[in-house]
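Enquirer: Residue numbers (my numbering), protein chains in the order written: chain A, 1 to 375; chain B, 1 to 161.
What the hints contain is simulated information worked out from the structure, not anything from laboratory work.
Predicted model only: the values in this text are computed from it and were never measured.
Yeah, the Cβ is synthetic: ideal placement off N, Cα and C, and Gly gets one too.
Treat the hints with caution; some may be incorrect.
[Unchecked claim] Taking beta-carbon pairs under 7 Å as the criterion, some of the chain A residues facing chain B (in silico):
id, residue
1, Phe-69
2, Asn-121
3, Leu-125
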Amino acid sequence: MQSLEEYKFDRIKQSAQFLLIDTEGKLVDSCDSLFDTSKKAEEVKYWMPLLESIVDQILTLELDSPELFLPKIQAPMQELKGFYDFSFSKIEKNDQELILWIIYNNTKIYKDFFSYQQNRNELVLKNQRIGVIQSVLQSKRQELNKQIDRLHRFGTIKRNYYELISNDQFESGTRHSDQTNDETTSYILEIENTIGHLQDLVEELVILTNVKDISSFEMKEFQICGLLNQIFQNQVGNNNIDFNINVHSDIPEQLIGNYIYLKQIIIGLMKESWKSENQGIVSIDLQPVKLESAEQGFLVEYKYSSLENEDSLAVNQINGTGFQQNNLLNYGSELELKLSMIQKFATAHNGIFNCEASEDGNLLVTFSFPYENVD
Amino acid sequence: MISKKVILTGSFGVGKTSLFNKFVYSKFSDKYLTTIGVKVNKKVIKVGDEEMSILLWDIAGEVSQDKVPVSYFLGASGIIYVFDLSRSVTTKNMKEDIEYLKRLLPNGVIKIVGNKSDLVNQETIEKVVAELELHCDLVTSAKTGENVEELFHLIGEELAA
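Starting from the given sequences, assemble the full structure and let the hints guide the process.
Expert: Structural data, given as structure tokens:
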């Protein structure tokens, strides 16, 4: 049975090797606890590339130089395949200056550390890769959405174009050469028109999807007559409808207000008027009005009358707070939704809303619009 | 024969050990194995008419070079600072690292190398190199061997001069 002293000696022996080197770099003595030096070259620099590369620095250490410590050296030579710390210091022994070289065997500790560092680094690298992939996916998603939008646009343009060419004198695939330029011009106009319609549609959808959240108005400077004329010009081509605009002189041409809502309300109402197959008139009348919650305001009266049934309004008159579904007899849910939007718009600024509708499509909608003067 | 100590350093995962293994053993592995501390080996190259023993120190990657034990740099003649062309994060501290290394080895030869050129296309390489704050000396691939020998000959020639 080992004594404690012997046990301690064995443990220390396994954990380190002590060597002495002279000032010429030759081995003087070694306890050979980790490897056998008896068959090694006389000059230690040939034992391992590490020593070869720093032997000059080792041999020029002074007695009062701090210890030269090199940690975590991996497999420095054939006989040492683990992880070691090297320490070099100059000592004096028997009046001779020697280099004390201690090799600490920390293989077990550094192997544990290796596992930790490997896992940590792999995780970091993985997260970096994920970050790059996510960034690429995001960019691809945006590109995909753009392409989808383009496809929708092309789809509408294509449909309009086919409608256009099917209206021409076009038989069995042959073209009438004298019609080519007219066709091209019409086609281009149709595309422009379609793009304009698409833009309106997008704005309308944006507003309809935000019906519940009208509280955030986007106030912008715009020209009221300019806006109304633009709306009417975009409706060119609808031969059934005549347009009248009247803007009171007290309402400034340039003002600040939520022009997108105003534009979409009027366009939305006009689209309802198109549904009527009768000849009709759309008139829009703007009159100043005092509003509780806004600096300035005007009342918009939108009226559509079919020429056949001019006087058929006032069948179902509703004031202020709401309209009932069974009063909008033949119109269905789209008009309800639009009127609901106008009602919420008016409610949001404590304004005015009235609606009258008849079975044959006549419509009178009155709503207030707040604005600010341009400074 | 001349012997020169050269250090491979840079952030972790940039391919220092792969460059080391490709140069010393002509071997490459896709598997990532972290380096603890330092591994040292050597290879003899021809520089002009002379032979030169390159004593190569492969140091464990650190995000910042001031974390590397200073004793590793003792007696070094050259430093190869490696970054990963496919990971821009590995160039984040490049300027500060090079300034630090120049202070440690004022007379040392330092080469900046972009590794893993096999993972990126030429356009990306040009973009990455153009956006670096410092000049990139060489673009390498430890996997394909592109410019690996050239790298050590380049540094060998400067060390011999």
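Enquirer: If a hint holds in the structure, say so; if it does not, say that too.
Expert: Against the structure, the hints:
{"no.": "1", "hint": "Phe-69", "in the structure": "holds (6 Å)"}
{"no.": "2", "hint": "Asn-121", "in the structure": "holds (5 Å)"}
{"no.": "3", "hint": "Leu-125", "in the structure": "holds (5 Å)"}
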